[in-house]
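Participant: Sequence:
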Amino acid sequence: MDFINRRDELDALEERWASDRAEYFVLFGRRRIGKSQLLLHFGEDRRLLYFEATSGTRQDHLDDLSSEIAALSPRSIYAEQPLTSWRPAFTAFGELLEDGPLMIVLDEFQFIARQEPEIGSLLNRFIRENASNPGLLLCIAGSDVSFFEREMGYGSTTYGRRTGSLKLAPFGWREAGDFVPGWSIEDRVRAWSVFGGVPYYLAEIDSGAGISDAILRSVLYPDGLLRNEPLFLLAQESRIRDTDNYMSCMRAIAGGKTRLNEIAQRIGKARAEEARPFLEVLEEMEVIERRFPVTLGAGKKVRYAISDPFLRFWFRFVSTSESRLQTREGARRYLDQTVLPELDKFVSEDGFERICQQWTLEHVDDAVEVGRWWGSIRSREAGKAISRSYEADIAAVDQSGNVVALGSCKWADAANADHEHSAAELDKLETIRDELEAPDARLLFFDRVGFSDRLEELERERSDVELVPVASMDR
1 MDFINRRDEL DALEERWASD RAEYFVLFGR RRIGKSQLLL HFGEDRRLLY
51 FEATSGTRQD HLDDLSSEIA ALSPRSIYAE QPLTSWRPAF TAFGELLEDG
101 PLMIVLDEFQ FIARQEPEIG SLLNRFIREN ASNPGLLLCI AGSDVSFFER
151 EMGYGSTTYG RRTGSLKLAP FGWREAGDFV PGWSIEDRVR AWSVFGGVPY
201 YLAEIDSGAG ISDAILRSVL YPDGLLRNEP LFLLAQESRI RDTDNYMSCM
251 RAIAGGKTRL NEIAQRIGKA RAEEARPFLE VLEEMEVIER RFPVTLGAGK
301 KVRYAISDPF LRFWFRFVST SESRLQTREG ARRYLDQTVL PELDKFVSED
351 GFERICQQWT LEHVDDAVEV GRWWGSIRSR EAGKAISRSY EADIAAVDQS
401 GNVVALGSCK WADAANADHE HSAAELDKLE TIRDELEAPD ARLLFFDRVG
451 FSDRLEELER ERSDVELVPV ASMDR
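Going by my numbering, the sequence shown opens with residue 1, and the numbers climb by one from there.
Errors might be hidden in some of the hints.
List time: in silico BS3-like cross-link candidates among lysine-lysine, alpha-carbon distance up to 27 Å [to be verified]:
{"hint": "1", "residue 1": "Lys384", "residue 2": "Lys345"}
{"hint": "2", "residue 1": "Lys257", "residue 2": "Lys269"}
{"hint": "3", "residue 1": "Lys384", "residue 2": "Lys428"}
{"hint": "4", "residue 1": "Lys301", "residue 2": "Lys257"}
{"hint": "5", "residue 1": "Lys257", "residue 2": "Lys428"}
{"hint": "6", "residue 1": "Lys301", "residue 2": "Lys269"}
{"hint": "7", "residue 1": "Lys345", "residue 2": "Lys257"}
{"hint": "8", "residue 1": "Lys345", "residue 2": "Lys428"}
{"hint": "9", "residue 1": "Lys301", "residue 2": "Lys428"}
Pairwise CB distance ranges (calculated) [claimed, not checked]:
{"hint": "10", "residue 1": "Arg324", "residue 2": "Glu437", "range": "48 to 54 Å"}
{"hint": "11", "residue 1": "His363", "residue 2": "Gly164", "range": "28 to 34 Å"}
{"hint": "12", "residue 1": "Arg87", "residue 2": "Ser321", "range": "53 to 59 Å"}
{"hint": "13", "residue 1": "Asp440", "residue 2": "Asp213", "range": "45 to 51 Å"}
{"hint": "14", "residue 1": "Val368", "residue 2": "Glu95", "range": "47 to 53 Å"}
{"hint": "15", "residue 1": "Thr431", "residue 2": "Leu10", "range": "42 to 48 Å"}
{"hint": "16", "residue 1": "Arg271", "residue 2": "Thr54", "range": "47 to 53 Å"}
Just so you know, the hints here were simulated from the structure itself, not pulled from any lab data.
Note that beta-carbon positions come from the ideal geometry of N, C-alpha and C, so glycine has one too.
Between the sequences and the hints, there should be enough to build the whole structure, so can you do that?
Facilitator: The structure is reproduced here in structure tokens:
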């Protein structure tokens, strides 16, 4: 498949390649996000030394690096005498740089750092000695997010000479749609809700077929490329020795256990705090996240959620039904009998809401953060004080934390195709808006099927009400 998207990231690399100084650029992000493909694509028409480290010894790294240097260098010594330490490796980098502009990529750098304590100081010295050479673009990349944020963050002195850094993020739903350009907007929403924004997952979709075929062939078939993807992700994480508790945490969250004590009970821990270390690792891997009312910040109302749509789909439909997916025929029956009848409900529960949140961030001028809001609101009925729980699918705040928009999202499922958004949702959002003391907040309504006549009338009458049909969301 052709390289798709990442235009901003390519522009960032191009600026550094054309710089009038040496550039030391750090690129990191979770596994499968496309870091290596981005760097290799950018380096295609340039003089490139690309080295990807693996989980091995220091000498393993040096032997493999020697081969890459020998393939690029006219000096036969690198083929005849492999490197035995990292100091001569940087000498070799300098000699290669003497032959012309050079892009050096040290990928999966965390493996190098674990085996070579001096690597940070060697990097700094190399950059210092070549700082005035505009022909050098040195890129450090890797997928251990916590390592890069901790060891190579802006407060770091060991790797303090970097000239730029970028955390590579998954594609939003609109960018992900470039992988399936012929699909309807509704199927593009479904595609993102199932496969998410990770290029590795999106590349598995046959855009000439349909969403059901993509799910069947890539995820449900016993030989599908993504069938055992979560097992691979956890097995590749160096901090995980036994995957059972981590898999159980993910399955608990996918099954609706979103609070710490609920997850602990589900995985068989006597105390809630016993589950926290597993959840912290999964957070650092960026496969789960903590969510809380966007107006409050982290606190007692924290809920855990699977942040990656594909993993959410896998733990919802695959991990619970392995026995039904042992053959291709069984996978086809499971698709028809279980997945497709429940697919739109699955989309509505998280994927569509997150897409609407992305739209809100792009279209509400003052919005700097968008999430959900939930809480209890007290009122008096028949002379009695009562408290009711309320939720808003969308809550957007400005730089000062003021609520600037609230929203309601509805994605009809197959069993409720005549669904339409009613004015009752307006009453709910107005109650929340009053509670949050945000009288000027816009009220947004997103829907796949349509809106009631009354809600459409209210949009014409009021400037604070906006109806957003799915068909208009990719504009």
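Participant: Holds or violated: 42 to 48 Å for the Cβ distance of Thr431 and Leu10?
Facilitator: Holds, at about 47 Å.
Participant: Could you grab the alpha-carbon distance between Lys301 and Lys257 and see if it respects the 27 Å cut-off?
Facilitator: Cα-Cα ~14 Å, so holds.
Participant: Measuring from beta carbon to beta carbon, are Arg324 and Glu437 in 48 to 54 Å?
Facilitator: This hint holds: roughly 51 Å between Cβ atoms.
Participant: Are the Cα atoms of Lys257 and Lys269 separated by 27 Å or less?
Facilitator: Since the Cα atoms of Lys257 and Lys269 sit roughly 14 Å apart, the hinted pair holds (cutoff 27 Å).
Participant: Note whether the CB distance of Arg87 and Ser321 lies within 53 to 59 Å or breaks it.
Facilitator: Since the Cβ atoms of Arg87 and Ser321 sit about 54 Å apart, the hinted range of 53 to 59 Å holds.
Participant: Given the hint of 47 to 53 Å, is the C-beta distance from Arg271 to Thr54 inside that range or not?
Facilitator: 38 Å, violated
Participant: Confirm or reject the claim that His363 and Gly164 have a C-beta distance inside 28 to 34 Å.
Facilitator: 29 Å, holds
Participant: Should the hint that Val368 and Glu95 are 47 to 53 Å apart at their CB atoms be regarded as holding?
Facilitator: 48 Å, holds
Participant: Can you confirm whether the C-alpha distance between Lys384 and Lys428 stays at or below 27 Å?
Facilitator: Roughly 20 Å between the alpha carbons, so the hint for Lys384 and Lys428 holds.
Participant: Starting from Lys345, check that the Cα of Lys428 is at most 27 Å away, please.
Facilitator: 22 Å, holds
Participant: What's the verdict on Lys345 and Lys257, does the C-alpha distance respect the 27 Å limit or exceed it?
Facilitator: It holds: about 18 Å lies between the C-alpha atoms, which stays within 27 Å.
Participant: Run the distance test for Lys301 versus Lys269: straight-line Cα separation, threshold 27 Å.
Facilitator: 21 Å, holds
When the structure is compared with the earlier hints, violations turn up for hints 1, 16 and for no others.
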